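Chemist: One-letter residues, chain by chain:
Protein chains: 6
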Amino acid sequence: MFIHMKELQYHAKPAKPDPIFAKKLQEVLGGQYGEISVMMQYLFQGWNCRADQKYRDMLLDIGTEEIGHVEMLSTMIAQLLDGAPVDQAEEAAKDPVIAAALGGMNPQHVIVSGLGATATDSVGYPWNSRYITSSGNLLADFRANLNAESQGRLQVVRLYEMTTDPGIRQMLSFLIARDTMHQNQWMAAIAEMESMEGTIVPASFPRELELQEVSHQFMNFSQGEESAEGRWAKGPTMDDQGKFEYVANPQPMGEKPMLTPAPDAMHSRPGALPKLANEGMKSGKGLL
Amino acid sequence: MFIHMKELQYHAKPAKPDPIFAKKLQEVLGGQYGEISVMMQYLFQGWNCRADQKYRDMLLDIGTEEIGHVEMLSTMIAQLLDGAPVDQAEEAAKDPVIAAALGGMNPQHVIVSGLGATATDSVGYPWNSRYITSSGNLLADFRANLNAESQGRLQVVRLYEMTTDPGIRQMLSFLIARDTMHQNQWMAAIAEMESMEGTIVPASFPRELELQEVSHQFMNFSQGEESAEGRWAKGPTMDDQGKFEYVANPQPMGEKPMLTPAPDAMHSRPGALPKLANEGMKSGKGLL
Amino acid sequence: MFIHMKELQYHAKPAKPDPIFAKKLQEVLGGQYGEISVMMQYLFQGWNCRADQKYRDMLLDIGTEEIGHVEMLSTMIAQLLDGAPVDQAEEAAKDPVIAAALGGMNPQHVIVSGLGATATDSVGYPWNSRYITSSGNLLADFRANLNAESQGRLQVVRLYEMTTDPGIRQMLSFLIARDTMHQNQWMAAIAEMESMEGTIVPASFPRELELQEVSHQFMNFSQGEESAEGRWAKGPTMDDQGKFEYVANPQPMGEKPMLTPAPDAMHSRPGALPKLANEGMKSGKGLL
Amino acid sequence: MFIHMKELQYHAKPAKPDPIFAKKLQEVLGGQYGEISVMMQYLFQGWNCRADQKYRDMLLDIGTEEIGHVEMLSTMIAQLLDGAPVDQAEEAAKDPVIAAALGGMNPQHVIVSGLGATATDSVGYPWNSRYITSSGNLLADFRANLNAESQGRLQVVRLYEMTTDPGIRQMLSFLIARDTMHQNQWMAAIAEMESMEGTIVPASFPRELELQEVSHQFMNFSQGEESAEGRWAKGPTMDDQGKFEYVANPQPMGEKPMLTPAPDAMHSRPGALPKLANEGMKSGKGLL
Amino acid sequence: MFIHMKELQYHAKPAKPDPIFAKKLQEVLGGQYGEISVMMQYLFQGWNCRADQKYRDMLLDIGTEEIGHVEMLSTMIAQLLDGAPVDQAEEAAKDPVIAAALGGMNPQHVIVSGLGATATDSVGYPWNSRYITSSGNLLADFRANLNAESQGRLQVVRLYEMTTDPGIRQMLSFLIARDTMHQNQWMAAIAEMESMEGTIVPASFPRELELQEVSHQFMNFSQGEESAEGRWAKGPTMDDQGKFEYVANPQPMGEKPMLTPAPDAMHSRPGALPKLANEGMKSGKGLL
Amino acid sequence: MFIHMKELQYHAKPAKPDPIFAKKLQEVLGGQYGEISVMMQYLFQGWNCRADQKYRDMLLDIGTEEIGHVEMLSTMIAQLLDGAPVDQAEEAAKDPVIAAALGGMNPQHVIVSGLGATATDSVGYPWNSRYITSSGNLLADFRANLNAESQGRLQVVRLYEMTTDPGIRQMLSFLIARDTMHQNQWMAAIAEMESMEGTIVPASFPRELELQEVSHQFMNFSQGEESAEGRWAKGPTMDDQGKFEYVANPQPMGEKPMLTPAPDAMHSRPGALPKLANEGMKSGKGLL
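Protein chains in written order, with my numbering: chain A, 231 to 518; chain B, 231 to 518; chain C, 231 to 518; chain D, 231 to 518; chain E, 231 to 518; chain F, 231 to 518.
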C-alpha cells in the first residue's frame, strides 16, 4: 500500500516557460529509459521477488522513490508549458521565433493534454511496458537496472547541456546525483550477487551442458582484424574459466538447411493443382 | 556490405516436429531479448560508432554473427512446424491431445506465415526497434549489451528446461555457450572502459555540478529497514568517491506544487463563462 | 451493407493551404479520440449488439455518420497540404517562415502519403484499435461514448482556437455542433438505461457479494484533507444505497506478502548450485 | 513524494495455484481498463491539475490507492503461477489436462518473467500510455474516469464468474466494492461540475459559434426507423436548450470534393513525363 | 457521406458455435491483411485521390463494399462465440475437451468484448493504421492493393481448410470469390496504368539520373549460384530497357566509413575529461 | 551464416551536415517501406522457403544486399547529424534559422542516440515486424515484394526532390537504380510463377468451391457510375475465365443479423436482475 506526501522530493520549477524544452524533457519522463520505466521496473521486480526480504524491500524502496521522480518531471513539464502560444493569431505566426516555437512544440501538449505532461517520450510515442525487465533472476535484473541508470543519467546530462534555465538545471542536478547513487547501488548489488554465484547468468545452469568449445571464442566475422586488439580477444576470461581465443576465420559448423515442401492445406506449393485438403462432409457448391 | 554463406553456423534440426514449442521458441527469436534484438543492437552500435575502429569492428563482428543466429532459430522453428495439424477435420479436434496442440499453437504460424517463423515473440507480439539501445556512449551501451546477453541466456536456459528433444537441446547448447562468451566479452569491454574513465556513466559530466549531497544516499521509502542489510547501504561506494549512507526517513526537499490556471484558449477552467479567446477576423455565425 | 454518396455531409474546404495545421488537425482524425475512434467504436458496438434492435440501429446510425466525418477531415487535410513546400531548394530553406513550415510539417505528409491525409494523430502515431471500447454492456459503453464525445469536442474546440481560417472554422463549427448532439444523445441513452437498472455497472452483480464495508468510503491516501471538501466525500451516494464516508487515515487490511522461492527450472534462486531440473533421457555433452 | 507500506491494502492469496487464470487476471492488471490504467490516469490528472487544490488532492488520493491495487494483483498473479508445470517432461505433456494447461498459459510467464506478473493484458499485449486520458478539463476527465471504473468493474465481475477459488473471489469482492465506490465518486464529482457549468463539454465554447441547426438532430443513416424509439430521438435535450429532432432521411449539406492534381515533385500524376522538379545546381549523371 | 442497409451483403451464420475458430477468424477481420485493412486502405486512397474521378469513384466503391465485409465477419464471430464456456465451474475444467477450448479461446472475447468481435488479429494484437498504404501514386497503390488481395485470399483459403462448418464455409466461399474479383480488378487497373506510363514506379523520375549501371544487375551475395537459374537473372528486363546481368561476385563500390568523434555535449567520447560544453550564465553548485 | 566487409556497397557521404534532412531520411531506413523492411522481408521469406533452392538462394541474395543498404543509410544519417546544434545556448535559439533547425530535428537524435541513426521512421515511430510479409506462397510474396520496391522507390525519389546536396543525391541515385532492378526482378519472378499456375493467388484452391457468380462482378456501391469507365469494369478478366460485369445497383444477398441475448455470466443484458451465474461451492459474504 502507498501513501502520498504533497511536497515534491526536490524543487521542480523553471525560471521561465519553454514549450520546446517541455517536449524534449518528455524523453526522461516517458521514454525507453525515462522515470516511468525505472519506476515500473523496480516495482514489478519487487512485487515478483521470491528471494530474501532485503532484496524485495530494497527494490520497493527505490521503486517508490521513482514514482516521486515521475511526479517532479510532470510538474516541471506543466510549468514549462505555461507560456505556450496556444491561440495563434495570424500575426503571431508571422514572427519567425514564435513560428519556430509553434513548429517545435508537441501539438498534443495543447490539443490533448491541455498544457499538461503526457506519459510519452520526446517524439510523442507512448510509454509501453515492453520497456521494462523483471525476470526473477536478481543478477540479470540488477544488470538491467545498471543499464537503465546508465542510459538514464546520460540522457539527463544531455538535456542539461541543452538548456541554461537555472530552475531546470537545478532539478536535473538532483536527478543526475540520484542516478549516480543508483549506478553505485546496482554495482554494489551486482558485486554482492557475483560473489555468491559467479558472473555468468544464470549461474545454476550446468556448464558441462553447453557447447564449451565455443564458450570463450571471439569470432571475427569480417575481413581485417582490428577487433583483435581489445580485452575481449585475449587474456583470461571474466568468468575465470579459461582464456579468450580469437578465431580469425570462423567456419560454419552446421549444414545447408533443406525444408520439406508445404502440405496441401497451406496452398503454397508452387504450381500445385487445385485441391481441397480437408474435404469434410463434402456436399455442394460453395457449401462443403 | 555483407555476404551470405549457405551453411548454418551450427546445427538446427529438431528430432521431431513440435508446433507448441515452435511458439515458445519465438521468444528468443523475436522477443524483447531475442536474437533480432541483439543483432540490430550491435549493428546499429557499430554503424553509429564514432570511437576507435577496434570498437566498431568488434561490434560489427558480433552483430554479423547474430544475423546467423536469427537464421538458425528461424530454420529450427520452420521444422518444428512441419507436422502441425493444419487441416483439422472434426475427428482430429476430438482427440484431446491434438485439441490441446491446436489450442496451444500460434494460429498465425498456419494462417499468416504458412508454417514459417515470424519476427514476433512467444505471444505473437511483433519485434520493434524500441527494444534496442545505441546511445553513442560505449560504456553505457556495453552495459546494455551485458544486460541483453544475461536476459537472453536466462531465457534460452529456461527453454532448454522446457523440452527434451535432443535436436533442440543441441542447438540451445550452442546458443548458451555463445551467450557465455558474449557475457564474458561485454564484461571485458566494460572493464577496459572503466579502467579509462571510472564507473559512473557518463564520466565526462563534472561531478561538482550534481547535487552531491544525495549522490551516495540510500533512501528508505518504506516502513521497516530490511533494505539496510545490503552492500548498497554501507561501506565505500563503487565509484570510490564516498561511503553509502542509509537514510531511514527521507524527507521532501521540495515544495507543494501549485500550477497556474489554464488560459482561456484551453477551455478547461472549471465554471468559466463562454468565450472565444482567439477572435481573429470575427464575422458571422459559425464562420469566424 | 453500406452505400456511398459522393457529396460530403458538410463543407470541408479551407480558405487557403496550411500544412502545419494539417498536421495538427490529424489529431481529431486519427488520434485517441478522433473520428476514426468513434466510427469504429459505434460500428463494433452495433455489430456486437445483443440487445433490443433499437439500440443496434441507433449505434449503426451514428457509426455510419462518423464514416462521413472521417471523410470530411481527410478531404480537408488533403487541401490544407496543397501548398506544401515539397521541393525545398536551398533558397526556400533560408526564409525563416518557410523553414519553420518545413520544420513544423509532418514529413510523412510528403514522403509517404504524397500530400494526403493519414490515419494517424498529430504526432504521426498510427491509429490502433485499443482506442475503442465495445464491452457488450450498454450502460458501460454509453459512458465510454459520452467520454469520447466530451474529449472529442474539447479537442475540436482547441483546434478552433488555433486557426482563424474561415473555411476550417466553418467545418469545425459543424463538428462541434454534432458533438453537442452526440453528448446529448449519450446522456439521454444513459438516462434511459439507468432508469431501468440503476447507476452501478454492471447492475446484475449481486451487491451482497462485494465487500460492502468499503463500497462507500473515500480513502484519503495523503497527508492533509483538502479532498474532504467535495461532493464525493459526504452526503448520500449516487447509487442511493448509503452515505459517503471519509476515511482520513486508511489502514492496510491485508498482510505482508511472502512469495515461495522459485523452482529449480526457473534458474533464478540466488546462489543455487548448477542443476538441470528436467533431465529427460539424459545422454551426452550438450545433447541431453 | 510517495511512501510504501509493506502490508497489502487487502488480502491477495489464492486457495491454490492456477496458471491459466493468472493469464486471464492479467487483463485487469495491464489491460486497457486495468489497474495500471486508472493508477496512471488519476496520477497524471492530479499532477497536471490547474484547478482548485481539492481536485488535485482527490485525484492523487485515488491514484495512490490504485498503485496499491496494482500491487495486490501482481502479488496474486505470482502466487497463481506457483504450481505452473515449467519443466515439461514428455510424460506430463501426454496428460491432456496438463497439456491443456500448458497450452492455455502465457508462455512469457515462464520464459520471460520467471513466474511473475507482467505489465501486460490477458493476451500478452503490453500496457501503453495511449490508454489514459488527462485533458485538463475536469468534467471531460471525470467522464473518462466514470467510464474506466464502469468497464473495469464489469471485467472484474466477469473474472469473478470465471473462477470459484475462494481466495481469488475474496480479493475480487474487494476490488468490485472499490469500483462501486469509485463509480459513485465520479458520478458525484460530475454532478458537482455540471451544477457549475452545464452538461456540454467544454462549457466555455460560445454556443452561437457552433452550427446550431444540427446541435439537436438525431440523423437516421439507415433504412428503417427503429432508432426513433429511444430517449435520444424525442423530448427535451439533456442540455435543456431544445428538443431532440429525428431526421429520417439526412441529406448531404456539402459538395462533391475535387482535389487539385499533385505537384510534379510528388511523382504521382498518372502518365506524367519524366521530370525533375527541383533541379538545384544541376551537373552530371546521378550527381545533381 | 454513407448510408447503412440493415441486410448483410451475404450470409454470415455458422452451423454451430466454435469459440476457438472465432479466435482464428479474427485474423481476416483485424489482421495485417484483414478486411479492416482493405477497407481503410481503399477509403483513404479514394479520399486522397488527386487523379481522374473514375479512379476516386472506383476506390470508394470497393472501400464501401469492404465496410460490409467487416460487418459480415464481425457478425459471424459474435455467433461463433455464442456457446463459449464462460462460467467455468471446476467440473467443466476437468473435461479435457472443454479445457482445451478454454485454453484455445481468446480470453478477451469473454472478459473485454462480452462475446463480441474485436478489431484485432488472431493473437489479439490490435489493428493499426501502419498496415495501410496510400501514397498518392496510383500504380504503386494498385500494386499494394493486388498484394493485399493476394495475401487476403490466401489466408481465407487456409481458414476454409481449418473448418468444415458449412455456414462458415458458405461465407468464406463468398469472400474468396470477391477476392478473386478484386485480384482481377487490380490487375486490370495495373495494366491500364502500365500502358500509360510503363512498369517502373514512379515513371516520372528521369532515368538518366539514376546510376544506370546497376539498374539491371542481379547481384549474387552468397556462395554458390543457384540464383542464376531464374527469369530474373537473364533475358530482357521487364521495363524493356536492357537485359538482366548476373553479377557472380559483387564488389563494394564505396569506402570504409569513418565517422567524426562525438562533440563534447554528447558526453560519449571514451575517456574524455569532465567538462560542461554549454556553460551558459554559470554561477553556483548545481545551479548553472 | 553471414560475413561483413568493411567497405560500403556504395558511397554514402553528404556534402555537408543537415540534421533536418537526417530526420526525413529515416523514413527510408526504418519506415513501413524502408530498407529494414525489405531486408527482413526477404531474409524471412528465404529462411522459410520450402520451394526450389533457386528461390531460397535468390531471396537470401537480395536480403543480404539489403543489410548493406541499411548500413549505407545509417552511415549517411550519422554524418548528416554531425553539425547538429546540440548545446543550444540562448543566443543560438534566437537565430530563427537555427531555431527552426532545432524545432525541425528529431530530438531523439541528440538525447537518445547521440547523433546516430535510429531504427525508426521520419516521425520517430519504431520499426516493427508487422511491416513484413512472408506467407510461404511465392506468388503472393513476390507481389508483396513488388509493392515494397514500388513504394520504396517512390519515397526515395521524393527525398531526392527534397534536397540538392550532391552527396546525398549520389547515394539516392544508387538506391533508385537498385529499386529499378528490384522492380524488374520481382516482375520477372511473378511472370515465371504466373506462367506456371495462373494469376489468382492461391492457384491451388478449387475454383468451383468459391461463389463464382460474384467472381467477376464490379459492384458500384455509390450513386453515379464514373467507375464504369475503367478496364476493371468491362472486357475479359485477367484470369481469362470470364468477363467483367458491372453491377450498377448491388443488392444485399444476406439477411438482417439477429444475435442471441448475452448469457448471464456476461453481465450485459439490459435490465437483468442481480444474479451470480457460477455459484460454485457457495458459502459466505464476499467469499463464494
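FYI, nobody ran anything at the bench for these hints, they're computed from the structure.
Worth double-checking, as some hints may not be accurate.
Copies of the same chain look alike in the list, so a pair counts if it works inside one copy or between any two.
Mimicking SDA-like on lysine to any residue, the simulated pairs with C-alpha atoms at most 20 angstroms apart in a straight line are [stated by the list, open to error]:
(1) Lys-236 <-> Glu-459
(2) Lys-486 <-> Pro-466
(3) Lys-473 <-> Gly-460
(4) Lys-246 <-> Arg-437
(5) Lys-486 <-> Gly-397
(6) Lys-246 <-> Tyr-476
(7) Lys-473 <-> Ala-458
(8) Lys-243 <-> Lys-473
(9) Lys-464 <-> Glu-475
(10) Lys-236 <-> Gln-453
(11) Lys-505 <-> Pro-491
(12) Lys-486 <-> Ala-281
(13) Lys-243 <-> Asp-494
(14) Lys-505 <-> Thr-394
(15) Lys-246 <-> Gly-510
Please read all numbers here as calculations on a predicted model, not as lab measurements.
Chemist: Take the hints in turn and mark each one as holding or not.
Modeler: Going down the list of hints, with the structure as the test:
no., hint, verdict
1, Lys-236 <-> Glu-459, "between (55 angstroms within a copy, 17 angstroms between copies)"
2, Lys-486 <-> Pro-466, "neither (34 angstroms within a copy, 32 angstroms between copies)"
3, Lys-473 <-> Gly-460, "within (13 angstroms within a copy, 33 angstroms between copies)"
4, Lys-246 <-> Arg-437, "neither (59 angstroms within a copy, 26 angstroms between copies)"
5, Lys-486 <-> Gly-397, "between (62 angstroms within a copy, 16 angstroms between copies)"
6, Lys-246 <-> Tyr-476, "neither (56 angstroms within a copy, 36 angstroms between copies)"
7, Lys-473 <-> Ala-458, "within (14 angstroms within a copy, 38 angstroms between copies)"
8, Lys-243 <-> Lys-473, "neither (54 angstroms within a copy, 30 angstroms between copies)"
9, Lys-464 <-> Glu-475, "within (6 angstroms within a copy, 39 angstroms between copies)"
10, Lys-236 <-> Gln-453, "between (61 angstroms within a copy, 7 angstroms between copies)"
11, Lys-505 <-> Pro-491, "within (16 angstroms within a copy, 40 angstroms between copies)"
12, Lys-486 <-> Ala-281, "between (45 angstroms within a copy, 14 angstroms between copies)"
13, Lys-243 <-> Asp-494, "neither (67 angstroms within a copy, 23 angstroms between copies)"
14, Lys-505 <-> Thr-394, "between (72 angstroms within a copy, 15 angstroms between copies)"
15, Lys-246 <-> Gly-510, "between (74 angstroms within a copy, 15 angstroms between copies)"
Comparing the model with each earlier hint shows violations of hints 2, 4, 6, 8 and 13; every other hint is respected.
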